[in-house]
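Visitor: Sequence:
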Amino acid sequence: MTLRVAQTSYSLTAIYAGLSHALDLTEGHPRGHAERACRIALGLAAVIGLDEDLRRDLVHATLLKDAGCSSNALRVYELFGGPEHGVKRAVWERDWRRFGQRLRYALAWTERGGSPVARFRKLAQLATDPGGAREIFQIRCSRGAEIARRIGCAPHVAQAVHDMDEHWDGGGHPRGLRGEDIPLLARIMGLAQVMEIFWGLGGPIAAIDVARTRRGTWFSPDLVSAAEALAAETSVWEDMFAPDLVGRLLAQMPADERVHVDAPRLDQVSEAFALVIDGKSPYTHDHSARVAAYAVEIGTRLGLDHEELRRLHRAGLVHDLGKLTVPNSILEHPGKLDDDQWKVVRQHPSYTFDVLARVPILEELALDAASHHERVDGRGYHRGLPGERLSTTARILAVSDVMDALAADRPYRAGMPPERVLEILRTDAGSHFCSRCVDACSVDLIAAPRAA
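In this text, residue positions in the sequence shown follow the numbering used here: the first is 1, and each later residue adds one.
Errors might be hidden in some of the hints.
Each pair of labels, with its calculated beta carbon distance range [what the hints assert, rightly or not]:
| no. | residue 1 | residue 2 | range |
| --- | --- | --- | --- |
| 1 | Ser115 | Ala90 | 49 to 57 Å |
| 2 | Pro264 | Pro417 | 34 to 42 Å |
| 3 | Pro30 | Ser235 | 17 to 25 Å |
| 4 | Arg379 | Gly132 | 41 to 49 Å |
| 5 | Val117 | Arg97 | 48 to 56 Å |
| 6 | Ala206 | Gly49 | 51 to 59 Å |
| 7 | Arg301 | Pro417 | 18 to 26 Å |
Read the hints as simulated data drawn from the structure, not as lab findings.
Note that CB positions come from ideal geometry on N, CA and C, so glycine has one too.
Work out the full structure, taking the sequences as your base and the hints as a guide.
Guide: Here it is, written out as structure tokens:
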């Protein structure tokens with residue numbers, strides 16, 4: 001369905017920056033990591049004299065650099081066990097190419113918190129699977145480049161996302177590129193992201209030191225020299241703490257960076273991030289797209305106008321952004337969740353709200369998208385809002401989300417037939433769900449997205 005949208009001005013950089021907070025969460029980084037990496041990347045770009053248009057492309061690529069990270073979360077969990085967010089973050093804090101550091105990393109993070117027997121099994125699995133690390137990078141890089149292309153980025157921007165983890169001496173992933181065969185934007189991004197991580201650990205001194213330590217192996221000697229020049233650039237390091245960091249990034253963008261919004265471009269962004277969300281687990285494959293489709297059909301049956309349907313469609317696509325914070329150890333759990341696991345799950349709508357509230361245009365969807373687990377009797381989560389405070393969009397999303405969850409396969413059960421799904425919805429109408437929304441549902445509606 002093509003949804004109409006009024007034309008207005010907006011900044012792609014600001015939109016990507018807001019959504020990058022979801023990618024930070026996926027990779028286990030503190031919020032704002034990608035924005036701060038952008039500031040370092042722009043500092044490096046200024047030192048080497050990168051032209052204005054390429055600086056814009058550098059910022060976009062850096063903000064989207066972790067777009068593929070949700071897609072390797074399951075593989076990381078399979079290899080290491082336990083919550084994968086810490087595993088992912090910690091790998092950047094070590095030179096994993098050095099045997100001693102790689103061994104300490106494996107001992108520290110494999111089946112963390114598990115029994116000695118479980119840890120031994122995982123360590124043995126890692127020892128006999130030397131290609132596991134390359135596979136993790138290949139999944140991430142390929143999917144990240146695909147997401148960048150789907151959003152509408154130029155081919156060289158998507159390529160930079162793909163090649164960001166290559167190393168100057170050819171020891172990186174996924175292709176083992178060497179020297180200047182690595183695209184310049186990718187070289188800058190790779191250095192900037194590691195510098196940001198070490199800045200978080202020990203400030204500017206640690207950031208410059210890690211660049212020097214990995215000169216000629218991970219990083220281009222010329223770019224490390226540029227990094228050393230940043231040591232005296234106090235504005236770069238002061239900006240890292242600035243609450244208006246995005247505004248400062250925008251001030252360094254070309255004058256024509258603001259463009260006119262249109263429905264296809266916003267749909268590209270929303271649909272691409274739905275792929276990021278749903279890539280985290282095979283059990284959520286296409287979940288967001290189906291929720292959006294269910295929601296639009298219910299809204300159509302309820303007589304919503306084009307503008308309301310447009311909002312509903314995009315809210316459906318991004319409603320589960322916060323689920324990127326939920327570890328795969330929970331998403332893949334084959335049985336009933338314990339209390340601690342439920343606490344983690346029940347927090348994910350709050351992260352959806354926090355991320356969307358930062359995104360121009362999509363910020364208007366934040367409350368509705370984050371209310372998809374609220375109930376009309378006020379006993380839902382994460383806010384426990386009473387029914388009268390739930391918008392029509394929120395009520396439709398609540399029905400659509402549960403409808404797809406019941407019809408889909410889960411680790412602990414097979415998907416239910418449409419007739420059974422509808423029976424459950426009708427049983428809970430008036431308490432859990434809005435009766436009017438449930439009345440708009442039917443067996444053919446529930447079956448339609450899976451038959452397409």
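Visitor: Work down the list of hints and note, for each, if the structure agrees.
Guide: Status of the hints after comparison with the structure:
no. : hint                        : verdict
1   : Ser115 x Ala90: 49 to 57 Å  : violated, 21 Å
2   : Pro264 x Pro417: 34 to 42 Å : holds, 36 Å
3   : Pro30 x Ser235: 17 to 25 Å  : holds, 21 Å
4   : Arg379 x Gly132: 41 to 49 Å : holds, 43 Å
5   : Val117 x Arg97: 48 to 56 Å  : violated, 30 Å
6   : Ala206 x Gly49: 51 to 59 Å  : violated, 26 Å
7   : Arg301 x Pro417: 18 to 26 Å : holds, 21 Å
In summary, the structure is inconsistent with hints 1, 5, 6 from the numbered list given earlier, while agreeing with the others.
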